[in-house]
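Note that the protein sequences, when read in sequence, are chains A, B, C and D.
Under this note's numbering, the first residue of the first sequence carries the number 1, and numbering increases by one thereafter.
Under this note's numbering, the first residue of the second sequence carries the number 298, and numbering increases by one thereafter.
Under this note's numbering, the first residue of the third sequence carries the number 472, and numbering increases by one thereafter.
Under this note's numbering, the first residue of the fourth sequence carries the number 685, and numbering increases by one thereafter.
Everything labelled a hint here was simulated from the structure, so no lab data went into it.
Hints should not be assumed to be uniformly reliable.
[Said to hold, decoys possible] Pairwise CB distance ranges (calculated):
{"id": "1", "chain 1": "D", "residue 1": "Asp1207", "chain 2": "A", "residue 2": "Met248", "range": "29 to 35 Å"}
{"id": "2", "chain 1": "A", "residue 1": "Arg246", "chain 2": "D", "residue 2": "Asp1070", "range": "56 to 62 Å"}
{"id": "3", "chain 1": "B", "residue 1": "Gly363", "chain 2": "D", "residue 2": "Asp1193", "range": "56 to 62 Å"}
{"id": "4", "chain 1": "D", "residue 1": "Arg1138", "chain 2": "C", "residue 2": "Val600", "range": "32 to 38 Å"}
{"id": "5", "chain 1": "D", "residue 1": "Asp1207", "chain 2": "A", "residue 2": "Arg246", "range": "55 to 61 Å"}
{"id": "6", "chain 1": "A", "residue 1": "Asp43", "chain 2": "C", "residue 2": "Val600", "range": "33 to 39 Å"}
{"id": "7", "chain 1": "B", "residue 1": "Gly435", "chain 2": "D", "residue 2": "Gln1200", "range": "31 to 37 Å"}
{"id": "8", "chain 1": "A", "residue 1": "Arg243", "chain 2": "C", "residue 2": "Asn636", "range": "22 to 28 Å"}
{"id": "9", "chain 1": "B", "residue 1": "Gly435", "chain 2": "C", "residue 2": "Val600", "range": "42 to 48 Å"}
{"id": "10", "chain 1": "C", "residue 1": "Asn636", "chain 2": "D", "residue 2": "Arg1138", "range": "29 to 35 Å"}
{"id": "11", "chain 1": "A", "residue 1": "Lys105", "chain 2": "D", "residue 2": "Asp1193", "range": "54 to 60 Å"}
{"id": "12", "chain 1": "A", "residue 1": "Arg243", "chain 2": "D", "residue 2": "Glu1134", "range": "28 to 34 Å"}
[Said to hold, decoys possible] If the Cβ cut is set under 8 Å, some of the chain B residues that face chain D in the computed set are:
{"id": "13", "residue": "Val314"}
{"id": "14", "residue": "Thr331"}
{"id": "15", "residue": "Ile343"}
{"id": "16", "residue": "Gly349"}
{"id": "17", "residue": "Lys358"}
{"id": "18", "residue": "Pro374"}
{"id": "19", "residue": "Ala395"}
{"id": "20", "residue": "Leu397"}
{"id": "21", "residue": "Ile402"}
{"id": "22", "residue": "Lys404"}
{"id": "23", "residue": "Gln408"}
{"id": "24", "residue": "Gly435"}
{"id": "25", "residue": "Phe437"}
{"id": "26", "residue": "Gly439"}
Don't be surprised by glycine CBs; every beta carbon is placed ideally from N, CA and C.
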Amino acid sequence: MADAGLTYGYFPGCSQKGSAREYEMSLLKVAGKLGIDLKEIDDWSCCGATSAHATNHRLANALAMRNMLLAEQQGLETLVAPCAACFNRLITTKAECRNHPESKKDVEELLSASVSNTTSILNVIDLFDKASNGLIGSGRVRDMKGLKAACYYGCLLVRPPELIDTDDSEQPDSMERIVKATGADVVEWNYRTECCGAAHSISRRDIVVDLSKRIIDDALMHGANVIIVACPMCHTNLDMRQRVMRRMYPSHKEIPVLYLTELIGLSLGFTESELGIDLHYIRFNMPNEIMNQTAQA
Amino acid sequence: MDNKEKHIENGWEPKIVAFVCNWCTYAGADLAGTSRLKYPANMKIIRVMCSGAVDPVFILKAFERGADGVLVSGCHPNDCHYNAGNFHARRRWDLFHALLDFAGIEKERLQFSWISASEGKKFADVVTKITNDIKMIGPFKGYQEMNRQFTTEFPEQEKEKLVQQCTEAEAVNG
Amino acid sequence: MKNSFRNGFHVLQPGFGPAAPAKTASDEVYPNAAHSYIAKEVAAKTFQDVNLCYQCGKCSAGCPVRDYMADSPNKVVRFVQLGLEQAALNSTTPWLCAGCLTCSTRCPNDFNLAKFMDAVREISIEKGVKTKEKEISSFHEAFLRQVRLFGRSYEAGLVADYKLNTLRLLQDVDSAPGMILKGKLSVLPHKVKDRKTIKNIFGKTTHKKKRNG
Amino acid sequence: MKIGVFICHCGENISRTVDCPRVAETCEKIPGVEFSIDYKYMCSDPGQKLIKDAVEIHKLDAIVVGSCSPNMHERTFRSAAVAAGINPFLVEIANLREHCSWVHEDVESATQKAIELVRMAVEKVKRDKPLSKIKVPVTKRVLVIGGGIAGIQAALDVANAGYDVVLVEKEPSIGGHMSQLSETFPTLDCSQCILTPRMVEVNQHPRIKLLTYSEVEKIEGFIGNFKATIRKKARHINEDICSGCGQCVSKCPIKKKAFSSFEEGLAYRPAVYIPFPQAVPNIPVIDESVCTYYRNGKCGMCVKACDRQAIDFDQKDTMMVADVGAVIVATGYKLYSIGKQPLGSKYKGYGEYGYGKYKDVIDGLQFERIASASGPTSGEIKRPSDGKEPKKIVFIQCVGSRDPAKGISYCSKICCMYTAKQAMLFRHKVHDGEAYVFYMDIRAGGKMYEEFVRRAIEEDHVNYIRGRVSRIYEENGKYIVKGEDTIAGVPVNIDADMVVLASAMIPHDNAPGLAQKVGIPYDKYGFYNESHPKLKPVESTTAGVFLAGACNAPRDIPESVAMASAAASKAIILFSSDSLEREPVVARVNEDLCAGCFYCRKVCPFGAVEVRDIKDMNGVVYKEVAYINQGVCQGCGTCTATCLSKSIELAGFNNEEIFAEIAAL
Ligand SMILES: Cc1cc2nc3c(=O)[nH]c(=O)nc-3n(C[C@H](O)[C@H](O)[C@H](O)COP(=O)(O)OP(=O)(O)OC[C@H]3O[C@@H](n4cnc5c(N)ncnc54)[C@H](O)[C@@H]3O)c2cc1C
Ligand SMILES: Cc1cc2nc3c(=O)[nH]c(=O)nc-3n(C[C@H](O)[C@H](O)[C@H](O)COP(=O)(O)OP(=O)(O)OC[C@H]3O[C@@H](n4cnc5c(N)ncnc54)[C@H](O)[C@@H]3O)c2cc1C
Ligand code: SF4
Ligand code: SF4
Ligand code: SF4
Ligand code: SF4
Ligand code: SF4
Ligand code: SF4
Ligand code: SF4
Ligand code: SF4
């Protein structure tokens, strides 16, 4: 999979260019350091996100497929989609077109092009899981010991199980493996795969705040001092929405939320601002153990 | 041109042979009788123990002997008295259809059905249907033609290969 | 309950309880199950028969937004199984569904409920049924408008559009300015070059209002 | 050959539409027909006498009766033929009633058809060969595989009828799952109390040879004549000397290395152990995988403890052979493993329920052990994690069962009942406890079963909630069970102290392996198939092999016992005479023609085709041919149609006979 020196297509997705700017920054830094070349597909468009599949199934298929078609045309066999929602849209459309020729035909008509539908889609966990043992371990300059990480998969990185190469959609541990490779500890907790309500972030903020608050509280209760995510929407809900929580629940205890790529980036020696960690709403303070290491080095 | 009317005008009545299994279809035919259902008198039944025992040669012989149509009928899948015989019959029938097709013979002439001991009505319906089907396509004069094709145009080796392949497939799947 | 004369038989029509929205016209209540327009339409859109669902409730039990729904997700499936079109299309449950796939993943009979919710929502749009969850539907509309115009989602435009349409002008003031400061909300949209294709896709897929089938 | 034709009017049933006299007259002209007549009632005494007289007067060799269906009176006319001195297989029936007079209206065409039907029968009878019933000798001994309640019952029934039994059990003790149960529905009587006396009876019965810690290696032969090879695994204890005093067990220093499978992993057992106090035989086994002696040659504490010198470290597996006439398979079931994606299993796990991760999320059998007076908690309800008494227990039904997504579509049939039982037992023992049951449907179809479940609800106040649980997780020592009551349409979340999962009953992992050894078919799950789901529920499709208990499908104790007694009776029926008689409709191979391709062997549903070596004068094998075992063949004829060289004949339905019928059209 992610062997050093490999080139992958890169489908950023809209958030990567806006609200999740730091996710892209850290992803590209880390990939560069590990010798993974991410080539952004030219002229990509929105995958349609929840709004398309929630209201218009054919539109959703066409929007997602357009990007896989571009990858095909640009000679990119594999696409890395760091946003869990984009990732899910792409694999779902791909599977539907594989299983239902009539859907494929419809999409081809909408795009006025024929599609071979062979592009493989990776999410960020897939990308680093296989590389984690060797690459992250050997490139590691900081041991992230002292971090007690609650790995948060959310919903779309582990579902639907039949389309995702995960060991167990209910009790996954691929993200934990990567986090451990950075030297951080992981905590056992209960809300790893519970949904944060992503799609309703703007339209039903009340729901999203409730759901996210439960997730955060459970992580805290199980002793976490950082939550690790691999999706821009999870990040928005868990990081940005803590400001509302603070207002609504005076006793709310804050916890920083890092992108998986940021954590890897830290262990590979990048600074917090290189990784965009200073763009978060909840400040992340490196534990002293880690700071001391850097001082010694 | 309406074939059916032509044949009927000639007063022609088709000859139909049915190979039916002892356990299901034969008993189904009995039930049609006890229920006093009515169907055309063109079909005669030859009883075998299991539809799996119906050798393609029987069917060829029937056509050779002037039958205009043949019905093979046994128990429903999974109801076979012998577990699996009717599956073998089914597979063999597929092969046979391919052969008929090759010889340019209407596939309505050979029909296959599952009729259980309680389906007297279905038996009567099937007999009526096959009789009407055959009346529609008229008498079968093609045996000589078929025979010629099988022996000359359809090379012996090819034929054997086909039969072999089918039998092997059957043996493996069976 | 009321009687109707159907196929030569007097049929007692069951009435459905108060949990079904009041709109449930009693005329609609005769359950004609799999033959109903809604069941067929859902089946066509999702490639699965609604009768796969055996009403165990595991989906509802695990649904993260269950607490905010008046009708449990499995109940909406039941409406469709019974052919209760109005009840299904007027339920806010499909709109509240976050599409998280928890239900589909855990369904013991492999019924893809998330996909089912997508289909019901889409049918209600096609039929012009206005949902009470206006914020959610407006958001989706606003989002897709951005994509139609630019090929990508333009977050600043989206927020503005959505707020104008829902008149919830004050809600996100806590985050928007912060986002702009952090460079997270770009002031200008990123545009896709080949907007023709995008326009085309939208043009060909936009729902024409259907009449009752 | 002289043939007589007898056409029956059946009162008016046939003669109304078939001109019987004309049929008789016409048929007289068929070559070979010596005599032909029609009569009002052929099956009546005068009718039969008519046949007898005609045979005598006209010296007939074979007869054709044109009458009702052979299913009606074939037997009658065959007996009449025998009485007249004709082989019963030289009788053919033309079905003029069910297949002709009753289904046609036009006299002319019906009469024509009747004539043709008789002609076909005449042509067939000309080629019929005299046959006689086949006799096979019977060994009057039964092999019972599996010593659960089903195997025990079957063994006792057969033995009490006066026949020998060999009972093979793979575990060190008989008893099966029933020995693990606490109390049993629907009467709540103590499982051990009713089971133990039977286990003892088995051990003491002079006609039962009990082989525990043994497995069937191979079964050859056919009905009445099986040969079973049995491996008796080394116990490392000399059974003939051991008195079962248990000294060795108490001295063994290995205390916490091996879980007791009898206690479902809720307790440890030493390296030398007796599975449970009432075990039969009450003789220990040494578990080589944990015993110190087998690891480094040291220890031997047990040897010192045993004053009868019964410990034998060098004991080896032994093989024995048993000749038996019938086999009863009663190997029972196991429970579906609920944990996270069980390795190597074709079923998906329930990661969402956290079984295996949370100590107090247990399965039904574990609860039975906890509730059992002889169990690890002496019958007090305590939870495994901290030994505290749980006050709130959630029972979840249909775990694994009725869940095609995990791989099992069927209903396990017993779990509704045992869940009601367990909830009741809990309420009886913990008076201030609350019990919740999540169910999809309650399947309590049995005598006093529905009443039992209602009692749990009405008298013991068990809270039944209709809905499947989505997820379980731990929070502050409580288990949060997330469910939904689909009747009220409200979410139900319960903070339980303990959760009991009623997991599916599935066949043992090695069930297909044993099935192949015994030669019986099984379904996609590995349950053994009965020959007919309604009319032959305890017969397998292999003659002489019978099924009992939960190896066939999920079964409770009453059903397992009923099946066992039925299977025993079937075996006893088999032994009611010294040899078996069967219809001579069997296939036979012409060895000269056989090409040795063995397609026949692959298609035979009964495994009747064997390989026979053909030797030349010097005894050197020069070809292999098919040979059909007359005892096993059921006469379906599938092989005859498959054989490319047409070397197989089915007696009574050979090609010549059928061609003749075709030719007579
Ligand atoms: C939790 C629970 C509670 C229950 N409670 C009740 C109840 O209250 N009332 C009731 O009626 N039923 C109850 N049952 C059902 C009951 O356990 C079964 O009906 C009964 O045990 C079936 O008996 P059996 O002999 O068919 O199978 P088993 O009890 O499984 O016995 C099979 C025997 O065969 C042996 N065996 C397996 N394979 C081989 C082999 N290859 N060679 C040799 N031996 C082999 C096994 O070791 C075992 O000893 C309960 C079941 C469960 C799971
Ligand atoms: C609507 C319906 C549908 C069913 N469908 C199915 C199905 O699909 N599959 C299935 O497996 N089962 C089915 N059953 C069940 C099935 O009918 C019974 O399981 C079965 O018939 C029971 O057989 P039996 O011999 O015990 O009793 P019965 O069939 O009732 O036979 C008892 C016999 O005893 C005679 N008798 C009674 N009293 C006396 C007396 N004092 N002296 C002498 N003779 C007496 C009666 O006349 C009768 O002939 C169905 C039942 C019903 C009602
Ligand atoms: S989990 Fe599946 S079967 Fe159960 S109610 Fe939901 S959709 Fe229906
Ligand atoms: S997909 Fe929708 S209905 Fe299903 S669990 Fe998620 S939010 Fe609930
Ligand atoms: S033999 Fe059959 S057809 Fe003849 S009288 Fe008897 S019942 Fe009727
Ligand atoms: S030799 Fe083995 S069985 Fe015997 S006492 Fe020692 S450990 Fe136990
Ligand atoms: S082996 Fe010896 S010590 Fe152990 S139970 Fe038997 S007789 Fe007693
Ligand atoms: S018996 Fe009851 S609990 Fe068990 S599988 Fe059947 S319905 Fe479910
Ligand atoms: S199929 Fe025919 S030729 Fe082949 S082994 Fe059997 S009997 Fe012999
Ligand atoms: S007749 Fe049937 S049972 Fe007998 S050997 Fe042939 S295939 Fe087997």
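Structure-based check of all given hints:
1. D:Asp1207 to A:Met248: 29 to 35 Å: violated (57 Å)
2. A:Arg246 to D:Asp1070: 56 to 62 Å: The hinted range 56 to 62 Å is violated for Arg246 of chain A and Asp1070 of chain D, with Cβ atoms some 37 Å apart.
3. B:Gly363 to D:Asp1193: 56 to 62 Å: At 58 Å between Cβs, range holds.
4. D:Arg1138 to C:Val600: 32 to 38 Å: violated (44 Å)
5. D:Asp1207 to A:Arg246: 55 to 61 Å: With a Cβ separation near 59 Å, Asp1207 of chain D and Arg246 of chain A satisfy 55 to 61 Å, so the hint holds.
6. A:Asp43 to C:Val600: 33 to 39 Å: holds (37 Å)
7. B:Gly435 to D:Gln1200: 31 to 37 Å: The hint (31 to 37 Å, Cβ to Cβ) is violated, given that Gly435 of chain B and Gln1200 of chain D are roughly 52 Å apart.
8. A:Arg243 to C:Asn636: 22 to 28 Å: holds (25 Å)
9. B:Gly435 to C:Val600: 42 to 48 Å: Since the Cβ atoms of Gly435 of chain B and Val600 of chain C sit about 59 Å apart, the hinted range of 42 to 48 Å is violated.
10. C:Asn636 to D:Arg1138: 29 to 35 Å: Cβ of Asn636 of chain C to Cβ of Arg1138 of chain D: about 56 Å, so the range 29 to 35 Å is violated.
11. A:Lys105 to D:Asp1193: 54 to 60 Å: Between Lys105 of chain A and Asp1193 of chain D, where Cβ atoms are some 45 Å apart, the hint is violated.
12. A:Arg243 to D:Glu1134: 28 to 34 Å: Violated, since Arg243 of chain A and Glu1134 of chain D (Cβ atoms, about 58 Å apart) do not stay within the stated range.
13. Val314: holds (7 Å)
14. Thr331: It holds, given that the least Cβ distance between Thr331 of chain B and chain D is near 6 Å, below 8 Å.
15. Ile343: holds (5 Å)
16. Gly349: At about 4 Å, which falls below the 8 Å cut-off, the nearest Cβ of chain D leaves the hint on Gly349 of chain B intact, so it holds.
17. Lys358: holds (5 Å)
18. Pro374: Because about 14 Å separates Pro374 of chain B from the closest Cβ in chain D, which is outside the 8 Å limit, the hint is violated.
19. Ala395: violated (17 Å)
20. Leu397: Result: violated, 17 Å to nearest chain D Cβ.
21. Ile402: violated (18 Å)
22. Lys404: violated (20 Å)
23. Gln408: Interface hint status for Gln408 of chain B: violated (17 Å vs cutoff 8 Å).
24. Gly435: Violated. Min distance 18 Å.
25. Phe437: Where the cut-off is 8 Å and the nearest Cβ of chain D is about 13 Å from Phe437 of chain B, the hint is violated.
26. Gly439: Result: violated, 17 Å to nearest chain D Cβ.
In terms of the numbered hints stated before, the structure departs from hints 1, 2, 4, 7, 9, 10, 11, 12, 18, 19, 20, 21, 22, 23, 24, 25 and 26, listed from lowest to highest.
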